[in-house]
Every structure is written in C-alpha cells, then in structure tokens.
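Let's have the full structure, built from the sequences with the hints guiding it.
First to last, the protein sequences are chains A and B. Sequential numbering from 1 applies to the first sequence in the numbering used here. Sequential numbering from 1 applies to the second sequence in the numbering used here.
Careful: at least some of the hints might be erroneous.
In the BS3-like style, the derived pairs of lysine-lysine whose C-alpha atoms are separated by at most 30 Å in a straight line are [said to hold, decoys possible]:
id, chain 1, residue 1, chain 2, residue 2
1, B, K69, B, K50
2, A, K2, B, K189
3, A, K60, A, K2
4, B, K51, B, K69
5, B, K51, B, K189
6, A, K51, B, K69
These are calculated hints, taken from the structure and not from any lab test. Just so it is clear, the structure is predicted and the values come from calculations on it, not from any experiment.
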Amino acid sequence: MKYWRIPFDVDEIQTSRGSVTIIEERCKGCGYCIAYCPRDVLELSDRYNAKGYRPPAVKKPEACVNCHYCEIICPDFAIFSEELPPDAME
Amino acid sequence: MEKSKKKAAHPLDNLLRTDRIPHIWCAGCGIGTVFSSSLIALQGSGIDLKKTVMVSGIGCSGRAAGYVKLDSYHTTHGRAIPFATGMKLANPELNVVVFSGDGDLFAIGGNHFIHAARRNVDLTVICVNNLNYGMTGGQAAATTPSMAKTTTTPMGNPEQPFSLPLLAFASGASYVARWTILHTRDLTKSIEEALLRKGFSFIEVLAPCPTGYGRRNREAPLETLRLYQERTITRNGAHPTEATLDINKGITVGKFFEQDRPTCVEMYDRTCRPSFSQESA
Ligand code: SF4
Ligand code: SF4
Ligand code: SF4
Chain A
1 MKYWRIPFDV
11 DEIQTSRGSV
21 TIIEERCKGC
31 GYCIAYCPRD
41 VLELSDRYNA
51 KGYRPPAVKK
61 PEACVNCHYC
71 EIICPDFAIF
81 SEELPPDAME
Chain B
1 MEKSKKKAAH
11 PLDNLLRTDR
21 IPHIWCAGCG
31 IGTVFSSSLI
41 ALQGSGIDLK
51 KTVMVSGIGC
61 SGRAAGYVKL
71 DSYHTTHGRA
81 IPFATGMKLA
91 NPELNVVVFS
101 GDGDLFAIGG
111 NHFIHAARRN
121 VDLTVICVNN
131 LNYGMTGGQA
141 AATTPSMAKT
151 TTTPMGNPEQ
161 PFSLPLLAFA
171 SGASYVARWT
181 ILHTRDLTKS
191 IEEALLRKGF
201 SFIEVLAPCP
211 TGYGRRNREA
221 PLETLRLYQE
231 RTITRNGAHP
241 TEATLDINKG
251 ITVGKFFEQD
261 RPTCVEMYDR
271 TCRPSFSQES
281 A
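Structure representation (structure tokens):
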C-alpha cells in the first residue's frame, strides 16, 4: 500500500481486503466506480452488455480494501464488495 | 473472475424489487446513488422495516417508491408529504420516509413542505436536488441556479433559486443537512440519524441529472462529480443562511442543524386529548 506518511503502527494494523463483484447486466457505464475507487481497482472493460453499456472490469483485484465506496456510489446496484480474510490473497 | 459469471446477489437485493431492475433512471443519474444510500441507511439503522414506509411524489425521483421492497406509495404530484403525514397520524408507530425530488417537494408541493416542517411531523424527508425538472425535459425549477441554462431559460435563468436548507430551517425542521452523492458515507450516516430521531428531518442531496441539467450546462456526469469534489466545503453546524450553493462561491455541505422539539403528534395529544396521552405514556 502507498502512504504519504508511514503510520507508526503500520506493522500491526491489518488492512481489510475485499473482493469486488460486478453485475454486468445492470451496469449503465457511468464510470463513477472506476473514477472514485480509492485504490484504482477498476477499469473500463472492452465488453458491452445487452443494453450497450461498457461495464467496469477488475484490474487489480488484490488492491481492493472492501471500502464499499463503489457499492454506494453506483446508481445501478451493479457492483459490490465483500470482505476477504486478511491473508486470503497471499 | 468466476464470480461475475454466476448470478450474483447485490447486498441490497432484499430491499429492491429486483424484477424492476435495471431501473429507468438514465446512465449517470444521481438518483440511484441517493436511493442506494437510503437503503443502506434503512438496513443499518436497525429500525423495524415491517413498520417502515416510503412515500414518493411524481418525477424521476418519485420512481423510488416503485423500486423499494417495503410498503411504499407513489402518490400524486407534490403530495408525498400530505400522504406521509396522514399515515403518521393514523399510525404513529410507522417510520415514514419521504423520498422525492426538488420539483415535487418544493415547487408543486412547497406549501406542504413548509407546514409539515412547521408542525414538526415525525418524517424523514430525503430530497434529491438535481436543479431542474428532469422527467419533463429539463425545465427551470425553483432550485435552478441563477443564469443556468434549461429548456425554459435558454439565455440563462434570470431568477434566484430557493436555498432548501434555509427554507427547511426557517419553516421549523428539527434536522437539516445537505450532502452530494459523492459524500456517500456522510450521506448514509445522516439518513440513518434522521431515521432514528423524532421530528421533521430534512436532507437535501445534490445529484447530477446528466440528461436534463447536465446536457445544457456542459456538465457530463463525471464533470458534475468533479465539481462536487472541488467546490464542496463541509461545514457541520454552519448556519443555514451561510449554506451557499454556488459553483463559484462554493457548495456548503454538512449537518447544519439539529434540535429536538415536540412533534406534531405529541403536541396534539398533549393539547387536545390530555387523557389519551397520559394513558399511552
Ligand atoms: S470496495 Fe473500495 S477498494 Fe474495493 S473496488 Fe470498491 S471502491 Fe475500490
Ligand atoms: S458505477 Fe455502477 S453503473 Fe456506473 S460504471 Fe460502475 S458498475 Fe456501472
Ligand atoms: S432525466 Fe435526469 S433526473 Fe430523470 S432519470 Fe434522467 S438523469 Fe435522472
């Protein structure tokens, strides 16, 4: 993880990890989740859904911290994150 | 990603009429975000959802009542608050949430709003403010900023908009806040607070309407969010007279006011049927 200042307790604090799921057929391609994910997990995919929108794709799955920001900002109930055990990806 | 292949269940699916999703709101329309934040707050607040109703008026935001899997009412234009007031008076046990737009609540239904606030009717009023009449084609509303372009103000809006927090405060609302859809966490927390407290709570949420307002004011959806990001200043406790909503001077957001005072039902019982209120106390 990138910090602008290294916290003293960085070794003790466990950052939560998430797994993000996209429900492609609900997406309307607004790009909010991609633009505002704080960890830059998402990118625009090269696919189109049945309605002709381009849903996001997961670019860096290991970077997701399960903050749920994408889940709330998405106006279309098309993306959500779930908690992973801290060591799930190591 | 294996997961996106199988039919994934969104954590809010149990509060949504999923057979109606995708909803009719345009791509990038902020109503969906306000709605999602409201559902998360409903879920997180721990209130009894079997005793919770959502009431909407007419307009794009008014569609919300049709998507929530709770008892809900899609009422006539501007009349969400009178329907909600009636429900609360008939059954004070209900948690009544009004979810509607700026046109419905403040133009067509403006009088209902000020009087429900004055009486401190125990309602949670969530107003999606997208600065214009979206559904009917982007006409100027009572909230359209001065000089903004709409279909009915092609040379710029010559009028002054209402300041919704100030109007709510002056009318007697006992909780007043303003957020944007970018402030997902504060917004959700604010709605939760409003749901859990007694009295007339008002939350204004700025949301893009890319199809109506955005298109005529050169704001693509992401551009509107960038403006929110750059121009909003969070000032909890700011006096509602100081809550500006001006692209140049800044957009003040925050929880501006909260003060408990007796609700409409409490005052009525105390004054008009004292024996009843003693029995139930
Ligand atoms: S949960 Fe947070 S970190 Fe994970 S993808 Fe969504 S916005 Fe990004
Ligand atoms: S925020 Fe939702 S609708 Fe918009 S691109 Fe992301 S998943 Fe699609
Ligand atoms: S017209 Fe505007 S408010 Fe209505 S759904 Fe479209 S973007 Fe949203």
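Here is how each hint holds up against the structure:
1. About 10 Å separates the Cα atoms of B/K69 and B/K50, which keeps this hinted pair within 30 Å; it holds.
2. Pair hint A/K2 plus B/K189 holds up; C-alpha atoms about 28 Å apart against a cutoff of 30 Å.
3. For the suggested pair A/K60 and A/K2, the alpha carbons sit about 14 Å apart, so the restraint of at most 30 Å is met.
4. Between the alpha carbons of B/K51 and B/K69 the distance comes to roughly 12 Å, so the proposed pair stays at or under 30 Å and holds.
5. At most 30 Å may separate the alpha-carbon atoms for a hinted pair to count; B/K51 and B/K189 meet this at roughly 21 Å.
6. For the suggested pair A/K51 and B/K69, the alpha carbons sit about 25 Å apart, so the restraint of at most 30 Å is met.
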